[in-house]
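Trainee: Sequence:
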Amino acid sequence: MCNVTFDFAYAGHKFQKKNPVTLLKELSVIKSRYQTFYARFKPVAVEQRETKSRICATLNKTMTMMQKLQKQTDLE
Numbered sequence: 001m002c003n004v005t006f007d008f009a010y011a012g013h014k015f016q017k018k019n020p021v022t023l024l025k026e027l028s029v030i031k032s033r034y035q036t037f038y039a040r041f042k043p044v045a046v047e048q049r050e051t052k053s054r055i056c057a058t059l060n061k062t063m064t065m066m067q068k069l070q071k072q073t074d075l076e
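When you line the sequence shown up against my numbering, it's residues 1 to 76, in that order.
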C-alpha cells in the first residue's frame with residue numbers, strides 16, 4: 001500500500017494563521033481528494049486481498065501434496 005506521512009506540527013502551525021472559513025473550504029477540498037483517492041484504490045486493495053488468499057490456498061495445497069509425496073517415497 002501507499003506509505004503516507006503527515007507533519008502535524010507543520011500543519012498545526014500553518015492552520016493557526018488561517019481564517020476558519022478558509023480552513024473549512026480547504027478541509028472540504030482535502031475530503032474530496034481523499035474520497036477520490038479512496039474510490040480509485042479500494043478496488044486495488046480488494047484485489048490484493050483476493051490474490052493473497054488465492055496464493056495462500058495454492059501454497060497450502062502444494063504443501064499438502066509435497067507431504068503426501070514425501071510419505072509415499074519414504075514408504076517405498
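The hints are simulated quantities; they were obtained by calculation from the structure and are not laboratory data. Treat each hint with caution, since some may be false.
Cut-off 30 Å, straight-line C-alpha distance, at most; resulting in silico cross-link-like pairs (BS3-like, lysine-lysine) [as the list claims (entries may be wrong)]:
#	residue 1	residue 2
1	25	42
2	71	52
3	17	31
4	42	61
5	68	42
6	18	31
7	42	52
All figures in this text were calculated on a predicted structure; none of them were measured in a lab.
Trainee: Check each numbered hint from earlier against the structure, then list the numbers of those it violates in ascending order.
Mentor: Hint check: 5 fails alone, others pass.
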